[in-house]
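Visitor: Chain by chain, the residues:
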Amino acid sequence: MNYGPLLFLGILFTLAGSWFGLVLMPNRQLGDLQPHVNTNTAAIYPQPIPGEAAQGREVYRSLGCNYCHTQQVRPDGFGSDIQRGWGKRRSVARDYIYQKPVMLGSSRTGPDLTNIGERQPSYDWHFTHLYNPQTTSKGSIMPSYAYLFDVRKIGYGGASTNALKLSGDFSPGPGFEVVPKPEAVQLVEYLRSLKSSVELPEAPLPKAE
Amino acid sequence: MSTPASPSVMSALSPRDTAESRDRRAELAEIDESTSGTVLLFFLAGMAWLLIGTLFALIASYKLHSPEFLNQYAWLTFGRIRTAHLNAVIFGFSAEVAVGVVLWLMCRLCRVPLMAQSVINAAAIFWNVGLVIGIGGILRGDTTGIEYLELPKYATPILFVAFALIAVWTIVVFRFRRERHLYVSQWYILAAVLWFPWLYSTAQLLLVLEPARGTVQAAVNWWFGHNVLGLWFTPIGLAAIYYFLPKVIGRPIHSYYLSVLGFWTLALFYNWNGFHHLVGGPFPAWMITISIVASVMMVIPVVSTAINHHFTMVGHFGKLKYSPTLRFIVFGAVSYTISSLQGVLSSVRWFSEVAHFTHHTVAHAHWGMYAFFTMTMFGSMYYILPRITQREWPSERLISLHFWCTALGIILYVVPLSYGGWLQGKAMLNATTPFLEVVQGTLPWLKIRTVSGLLLALGHVAFFANLIWLLARRFGPYRQPEPMILAGVTPAAPVGK
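Protein chains in written order, with my numbering: chain A, 1 to 209; chain B, 1 to 497.
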């Protein structure tokens with residue numbers, strides 16, 4: 001192998017193979033998937049998430065939540081995702097068509113969040129959990145996101161309506177209250193928007209027994 | 001002692017010291033000298049990133065079992081500090097030291113001095129400015145959120161320019177080569193510098209600048225992510241092993257044909273491996289299957305390279321005691337075999353079902369990037385630095401400390417965490433085990449990881465101290481013509497028999 005040009009061509013052609021196979025072909029097959037329109041109800045799925053949730057998605061990305069939480073439900077019979085209640089059906093490519101970037105995640109240090117909006121719709125739960133995960137999930141190794149909240153003195157008008165309901169060790173002390181900053185509200189709106197159990201032709205829901 | 005044929009007294013004392021070999025050594029010294037400033041710049045910057053990256057790693061590791069640690073600031077949250085660690089050690093330490101080794105090896109093997117060093121020095125400066133901006137951006141929260149491509153888009157063009165310069169320079173050196181024979185290390189280096197810009201530009205285009213639709217992004221992401229390891233770090237690591245292993249023990253590579261087989265099968269199969277990171281994900285089955293098949297095919301290059309390295313070493317294991325370069329390089333070569341075969345196993349569906357989303361994967365990544373690549377780069381630096389600075393390593397004790405801390409440290413990292421990750425995966429598969437119980441089960445393994453991280457950090461500090469000491473001894477004794485020998489043992493005969 002002393003012939004430079006041959007080496008050069010070999011190097012280029014080998015990578016061209018997977019560039020074609022693993023970049024261009026997936027793009028051809030999945031690159032212009034359209035949302036599904038249900039012919040009975042005229043419901044369209046998926047839909048872009050509304051503004052505040054979209055801002056929350058940026059908070060999610062910026063804090064690196066995707067390094068501990070996946071957003072993909074594996075098919076029934078492969079892993080225990082469905083038995084754990086992380087989704088009613090497996091995730092498919094169409095679920096992700098409006099996401100930039102797609103944050104499938106590669107680690108489940110924490111649970112999957114594909115359907116967290118359905119599994120946990122309560123605002124109170126999300127806010128207290130983000131403020132200090134130990135409030136709702138004793139023994140969790142998720143960090144506290146207290147910097148997404150303001151601790152302030154309760155004003156003359158009494159406690160704010162959006163103040164967190166904290167008790168015991170977690171409460172900020174008498175005369176003080178904890179209220180979410182806009183980032184916390186956005187993040188919770190995003191988490192509550194995560195739902196993907198709409199039936200698709202390629203991903204039917206399991207039949208009720 | 002056999003009587004030499006030559007009548008001269010000098011050659012009688014040193015039979016291998018002929019006029020021809022003196023010329024060759026003078027030429028090598030001149031080439032080494034030409035690369036000196038540039039290689040040193042890349043090495044020093046790389047080592048600075050290693051220390052920073054290690055600090056980030058320790059913080060991240062500690063946080064994972066003690067989440068209340070430093071949790072009052074967003075920039076120190078796990079999701080950011082972990083990412084800053086990854087980018088500092090991958091694009092700071094590993095890539096920069098790799099470039100230093102690449103330039104030095106390429107000049108030596110082509111028998112060409114490095115030309116117009118100031119241009120390539122500018123590339124080094126660009127690269128580091130880009131990284132400081134980029135990693136600062138990650139800590140601020142500007143990450144792209146795409147694994148292995150987190151550096152924000154205002155930093156990546158700077159990196160791309162720097163990298164393009166490095167690639168062009170490497171090819172220019174190759175183009176003006178005076179040695180017509182192409183050694184196996186040159187194949188790997190050439191491949192690495194040509195593959196990387198292609199990977200990086202495709203990924204930037206389809207993920208950051210003009211994102212593709214939906215899961216195509218994840219596909220491109222892992223095509224890139226796996227290939228950064230497979231087509232950039234791996235070939236450079238192998239190039240270094242192929243050079244230093246025979247060089248230090250003074251005997252040629254076992255089989256030319258095995259190295260050809262190893263190279264072309266790696267080129268053919270490795271770049272199709274990426275989608276084994278997506279097993280079980282929202283993709284058509286053909287995409288996953290094709291990557292699993294290619295991953296299993298990797299057995300061919302891995303085993304042929306392993307046989308080649310091992311048979312070159314056979315009968316020379318005693319030299320591990322004396323040569324710091326050889327110790328690290330052999331540790332790296334053995335780790336390459338083990339971690340690659342373990343990677344093959346991880347790609348298969350039944351294994352992935354358990355291990356995929358667990359700490360097992362993290363352990364595997366460190367097996368490849370640290371036990372193989374980083375150790376190989378340490379070994380290379382032990383060989384190169386005395387030759388470009390004309391100074392010998394000041395402290396044998398620090399070398400030993402470096403070796404044992406990093407070797408034992410990475411074993412203590414990888415073995416327990418692989419096992420703990422497997423247990424985590426098994427527990428997760430059982431849907432009746434509450435998730436928080438799974439989390440609690442990982443804690444002992446995560447704590448062991450922090451201990452191993454402390455060992456690694458100590459090793460890094462020892463190496464850095466030795467390096468600074470070496471550079472500080474500007475008026476110290478010049479490098480001796482013999483290779484660096486550990487353990488205070490003087491070899492009985494001149495090395496090379």
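One should not assume that every hint holds.
Computed beta-carbon distance windows for the label pairs [unchecked claim]:
| # | chain 1 | residue 1 | chain 2 | residue 2 | range |
| --- | --- | --- | --- | --- | --- |
| 1 | A | 28 | B | 451 | 20 to 26 Å |
| 2 | B | 437 | A | 206 | 23 to 29 Å |
| 3 | A | 169 | B | 321 | 56 to 62 Å |
| 4 | B | 260 | A | 47 | 22 to 28 Å |
| 5 | B | 307 | A | 207 | 53 to 59 Å |
The calculated lysine-lysine pairs, modelled on DSS-like cross-linking and capped at a C-alpha distance of 25 Å, are [claimed, not checked]:
| # | chain 1 | residue 1 | chain 2 | residue 2 |
| --- | --- | --- | --- | --- |
| 6 | A | 207 | A | 195 |
| 7 | A | 100 | B | 426 |
| 8 | A | 88 | B | 153 |
Keep in mind the hints are simulated off the structure, nothing from the lab.
A virtual CB, placed ideally from N, CA and C, is assigned to each residue, including glycine.
Visitor: Would you check the hint for residue 88/A and residue 153/B, treating anything up to 25 Å between C-alpha atoms as holding?
Guide: Distance of about 37 Å is beyond 25 Å: violated.
Visitor: Range hint 53 to 59 Å: satisfied by the CB atoms of residue 307/B and residue 207/A?
Guide: 54 Å, holds
Visitor: Note whether the CB distance of residue 437/B and residue 206/A lies within 23 to 29 Å or breaks it.
Guide: Since the Cβ atoms of residue 437/B and residue 206/A sit about 26 Å apart, the hinted range of 23 to 29 Å holds.
Visitor: At the C-beta level, are residue 169/A and residue 321/B separated by a distance inside 56 to 62 Å?
Guide: Since residue 169/A and residue 321/B have Cβ atoms about 57 Å apart, the given range 56 to 62 Å holds.
Visitor: Between residue 260/B and residue 47/A, does the beta-carbon spacing fit 22 to 28 Å?
Guide: About 55 Å separates the Cβ atoms of residue 260/B and residue 47/A, which means 22 to 28 Å is violated.
Visitor: Taking only the CA atoms, is the gap from residue 100/A to residue 426/B under or equal to 25 Å?
Guide: 32 Å, violated
Visitor: Taking the beta carbons of residue 28/A and residue 451/B, is their distance inside 20 to 26 Å?
Guide: Violated: the Cβ-Cβ distance is about 49 Å, outside 20 to 26 Å.
Visitor: Has the given pair, residue 207/A with residue 195/A, been kept, meaning a C-alpha gap of at most 25 Å?
Guide: 19 Å, holds
Against the hints set out earlier in the document, violations occur for numbers 1, 4, 7, 8.
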